[in-house]
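Participant: What follows is each chain in one-letter form.
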Amino acid sequence: MSFNIIVLAKQVPDTRNVGKDAMKADGTVNRGALPAIYNPEDLNALEQALRIKDKFTGTKVHVLTMGPARAAEIIRESLYRGADGGFLLSGREFAGSDTLATSYALACAIRKVGRVDMIICGRQAIDGDTAQVGPQVAEKLGLPQITYAEEIVDIKSSRITVKRRLERGVETVKGSLPMVITVNGSAAPCRPRHAKLTLKYKRATTLSERQALNSDCTEFYDTHPCLNITEWGAADIEHEAQWLGLSGSPTKVKQIESVVFTAKESKRLTASDGEIENLMKELIANHTIG
Amino acid sequence: MNNLFVYLEIEDGVVGDVSLELLTKGRRLADELKCKLEAVAAGYQLDGVGAQVFPYGVDVLHLADDKGLSPYTSLPHTSLLVNLFKEEKPQIAFMGATTIGRDLGPRVSSALFSGLTADCTSLEIGNYEDRKAGKTYENLLYQIRPAFGGNIVATIVNPDCRPQMATVREGVMKKEIFDPKYKGETRKLDVSKYVSNIDFVVEVIERHIEKSKVNIKSAPIIISGGYGVGSADNFNLLYELAGVLGGEVGASRAAVDAGFAEHERQIGQTGVTVRPKLYIACGISGQIQHIAGMQESAMIISINSDPHAPISAIADYNITGTIEEVIPKMIKYYKKNSK
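Residue numbers (the working numbering), protein chains in the order written: chain A, 1 to 290; chain B, 291 to 629.
Some clues are possibly wrong.
Stated by the list, open to error - Think about it this way: if two alpha-carbon atoms lie no more than 27 Å apart in a straight line, the pair counts; the simulated DSSO-like pairs of lysine-lysine are:
(1) B:Lys501 to A:Lys254
(2) B:Lys619 to A:Lys267
(3) B:Lys465 to A:Lys163
(4) A:Lys55 to A:Lys196
(5) B:Lys425 to A:Lys281
(6) B:Lys324 to A:Lys252
(7) B:Lys379 to A:Lys254
(8) B:Lys425 to A:Lys252
(9) A:Lys174 to B:Lys357
Said to hold, decoys possible - Quick partial rundown of chain B residues pointing at chain A, CB under 8 Å, derived from the structure:
(10) Met291
(11) Glu428
(12) Val504
(13) Ile511
(14) Tyr517
(15) Ile604
(16) Val616
(17) Tyr623
Stated by the list, open to error - Negatives, chain A to chain B, calculated, CB over 12 Å:
(18) Ala138
(19) Arg193
(20) Leu199
Keep in mind the hints are simulated off the structure, nothing from the lab. We put the beta carbon where it would ideally sit given N, CA and C, even for glycine.
In isolation and in its complexed conformation, chain B is listed as follows (with noise of 0.2 Å):
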């Protein structure tokens, strides 16, 4: 009773990366509260789970494994967890921020009302003292997001309401084996106690998933465009220095917007996180919500024609001029130097 739940991502039997990053942050704060760390699997042939999640800490982990479950709608999804919320009574639950996270979690908070924040960049446990009614509340969870387009940073708690739902983006938090031999009980559930037929009212009638071309999350070396690179064209420079280099490219929403590179790659508030060894901005101004997907980069390099864009603020060189002249310099110089 009372612990913290984490509600799995699963496609083809694999559980995504996001729901790992959030069961290695469930565990340690769990950890902190002294509670349990339970998972939710809603899906289908989901015997392979538990292997995955077990290393993570993962102390009960719940399997609704079911036909109708896979690929997911939102009702069926639903019902599982409000009905499982209602028995179990978290204090906290977590989702991903992703178009599961974000369809399912308002839909659950609304049901059981419990507050929700979506896409927090940090989630740690602390007290709170409402003045007003002059009351202490202990060891809340403090959810903390960016908001307003990213300018000021929010502190959210839900002093009153459970569980304490939460949605975080992939790459945000860190995953990290908690201990490869750990192991914890499954609890198979009788889908057809919390699901009802009448919630299978959407049906997919086709899909078309691809594999994450890209990897931008893990690469140690980002070269990242932004508006400024001008061009689709122009964003081909980008790649042949990745190239040559052996990195990925980024790119803020603002080029993302433009149209010059794929949405997947978008780093900032609204895209992935990155933290490489090397990462280089090209025609990137440096926008609040740019700057907080990929300021802790081990080292930042910004090509810019503007010397006094935001970014200069925060990179370690600043090289003025345009890309078209810098980067086959690189190129070039990279070639001359390397072995």
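So that you can see chain A by itself, here it is in the shape it has in the complex (with noise of 0.2 Å):
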């Protein structure tokens, strides 16, 4: 038994460690001030995809990401820890897509790569946290969903057994192939990067990423196929355009404010007897506590 499997991430913005320039006077992100990463929980689905890669031989992994040319890197981040290969799906007919448009492209790219069995990407992405596009891409390609995954504990006979995170407990349920999976970030971690992987890999590019480098190559893609990551534009995938971009994208921006907390008056103690002392003395006197 081996399976055709899609991994869904997305090269994100760090914004776990923000500075002051990270935003543009118009209120819009200033992306190029960020350090671009593989968006860590993308990373969890890579893993659950590849545990299925090493217990299912013949089982194939491809990396479908969205996003600028840079983006590639995800896709050369994911074959140096064992994806097979990966499709990078860019141009201008994307920006200013929201969760929907997003899904959209993304599902009409899916279809364009045939049959597959599973489809896992991070339940979110820390840029948005959103957590919506999984299950939009599930909804568009009319195949069910399980979100909050943690664990893909079994698969037999195209029967897959899942065990969600919740709140409060954790549930276990069985749903048949073909399948959406988001996994969360309590799943185990990605698997390092694999130092053969990583050298085999490292010359894996997009035409793009060629042609601004001007080293064409061309002879050398011909006969190493496997170092090239393939490049869609919307022209590739069959799609209505009213549904990419900006006119797919039912919500709107209407304002973006930086978040400023306002500053109280605040006293400042010392860890001294005397101060501890005063402190609580005062607030049992105001019957804050007590």
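Need the complex rebuilt from these two chains, each delivered in its own frame; the hints are there to steer you.
Facilitator: Set out below in structure tokens:
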């Protein structure tokens, strides 16, 4: 038994370490000022896919990402860890996409890939935290979904068993393939880069990356097709233009404000016995405690 | 028609707090829009639901009572809402930003091509001018949410598509009885008309849901720890102080990620929002996403070895010191001075 798996991954700005220059004057995000990383929960998703590949010989794992040219990095990172290949969906037609337009484009690309048994992605991306793209892709493809997955426990004759992590407990569910699965950050972390694979795939690039470097090397990539990262534009996927990009996005941003907290007048205390005792007396006297 | 709908989360016949909070918000917005507040209950043995939700001002309760709808699975609940919304054409639909609402909401929005905004922290009604199209929209739902790791707050609108959908986390809105005697109408739905057999492709084979052990949301005193607490062992000092003062222990995301405290104690945008009368922040630097979940506390005391940690700007008292040093003294002098 072997499976065709697509992992949906996103390159995201590292919002966990945001500096002052992260926002432009017009209130939009200055993505250039932040390091671009592999969305953390998408790495958890990749690990689940690679574990299936380890267990079921012949299973193929491909990574699909939508983003600018530099998002090819995500696919290289996946190849270093054991993925078989990837697709970069890129182009100005996709600009301004909200989650719905994004999931429409991804669904069109998945249809182009062909027979897929599992679509696995992170629960959510750290730049938006919406957790919407996974279920929306599932709905667009007419597939069932299992969200908040912590572990793919077992696959037997196209029935998949998944443990889910909920707010106050766990749930084990069973469903039929094909299936969309979104993976929680509490799942097993992704394996590190594999040294041999890193050497093998360090020259894996998209055509536009090679063109940007003026190093076409057509011959080399013709003889090493596994090092060519497939790049698709809107013209390469079957779609209706109205559902892509801005026109396919029902949500509009009315306004964006930076968050500023108003500072309070505060008292500074040391850890001395006298100051702590006075504080506790004050809290008791004004009935905050006691 | 064109009313405001709230999807109710129900566990063992009990409507979740997050849904009651949404009903409270929904009642106010429905009054502002001069429309009805309607609720959808999907599950099994739902006879007690009406009595629980009518006091929150529900005008119409749609009841989908069927064994197959409990426990929750994605497709049957999606089909129910999608088909009901096609009939009723709500202008607004809310659900909890829970593992259920965040599983269900995106699917429903995708099927209806309507915009969904996740994890809103504020919901208001207002107008929107689309300058490019030269069009003004009246009485839209402003869906206000933090984005980009909490560093910005965005106001999102859905000008053309209905329903305007939003999810909200538990504890972000306040729950308040509207009128204890309020009586709405119950409409029982014929589930087979809305949900087809092929929707039941995923089955739940095992389920362990624990009753929440901590009730951090309603605790009057919260002793909260961050990464600076250093270890799960050191968190015991916080539990000790909480025990003495009669409070609960909370934690920042960094402390939860480091395994110092359980996830259900997490305070902030990705956890619970709290408004206690006293909040003692121990070793918490004060990331925006944490402050957003506790800034409405009546009094904030910060214990931090770094006197310039960002949290010092919003704290009423800043104690410079380590928790190992400060907390035992707090316990000692509280015991000495309280009767």
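Participant: Does each hint hold? Answer for all of them.
Facilitator: Verification of the supplied hints:
With a C-alpha separation of about 40 Å, the suggested pairing of Lys501 (chain B) with Lys254 (chain A) is violated against the 27 Å cut-off. A threshold of 27 Å between alpha carbons decides the hint, and for Lys619 (chain B) with Lys267 (chain A) the separation of about 18 Å falls inside it, so the pair holds. For the given pair, Lys465 (chain B) sits about 33 Å from Lys163 (chain A) by alpha-carbon distance, which is inconsistent with the 27 Å threshold. For the proposed pair Lys55 (chain A) and Lys196 (chain A), the alpha carbon gap of about 20 Å is at most 27 Å, so the pair holds.
Proximity of Lys425 (chain B) to Lys281 (chain A) is assessed by CA-CA distance (about 61 Å); at most 27 Å being required, the pair is judged violated. A hinted pair counts as satisfied when its Cα atoms are at most 27 Å apart, and Lys324 (chain B) with Lys252 (chain A) qualifies at roughly 25 Å. Between Lys379 (chain B) and Lys254 (chain A) the alpha-carbon distance is near 24 Å, which keeps this suggested pair within the 27 Å criterion. Only pairs whose Cα atoms come within 27 Å are accepted, and Lys425 (chain B) paired with Lys252 (chain A) is accepted, the gap being roughly 14 Å.
Between Lys174 (chain A) and Lys357 (chain B) the CA atoms are separated by roughly 18 Å; this keeps the pair inside 27 Å, and the hint holds. Hint status for Met291 (chain B): violated, given a least beta-carbon distance of 20 Å to chain A, over 8 Å. A hinted interface residue such as Glu428 (chain B) counts as satisfied when its beta carbon comes closer than 8 Å to some beta carbon of chain A; here the least separation is about 14 Å, so the hint is violated. Checking Val504 (chain B) against chain A: minimum C-beta separation of about 10 Å lies over 8 Å; hint violated.
With a cut of 8 Å, the hint placing Ile511 (chain B) at the interface with chain A holds, because the nearest CB-to-CB distance is about 7 Å. Because the smallest distance between the Cβ of Tyr517 (chain B) and any Cβ of chain A comes to about 12 Å, over 8 Å, the interface hint for this residue is violated. About 5 Å separates the beta-carbon of Ile604 (chain B) from the nearest beta-carbon of chain A, less than 8 Å, and the hint is met. Interface restraint check: Val616 (chain B) against chain A, minimum CB-CB distance 5 Å, threshold 8 Å, status holds.
Among the interface hints, the one on Tyr623 (chain B) holds; its C-beta lies about 4 Å from the nearest C-beta in chain A, closer than the 8 Å criterion. Separation of Ala138 (chain A) from chain B is inadequate, the least Cβ-Cβ distance of about 7 Å not exceeding the 12 Å criterion. Distance check for Arg193 (chain A) against chain B: the nearest CB is about 23 Å away, which clears 12 Å, and the non-interface claim stands. Annotated as non-interface, Leu199 (chain A) keeps its C-beta farther than 12 Å from every C-beta of chain B; the closest such distance is 33 Å.
Violated hints, listed in ascending order, are 1, 3, 5, 10, 11, 12, 14 and 18; each of the other numbered hints is respected by the structure.
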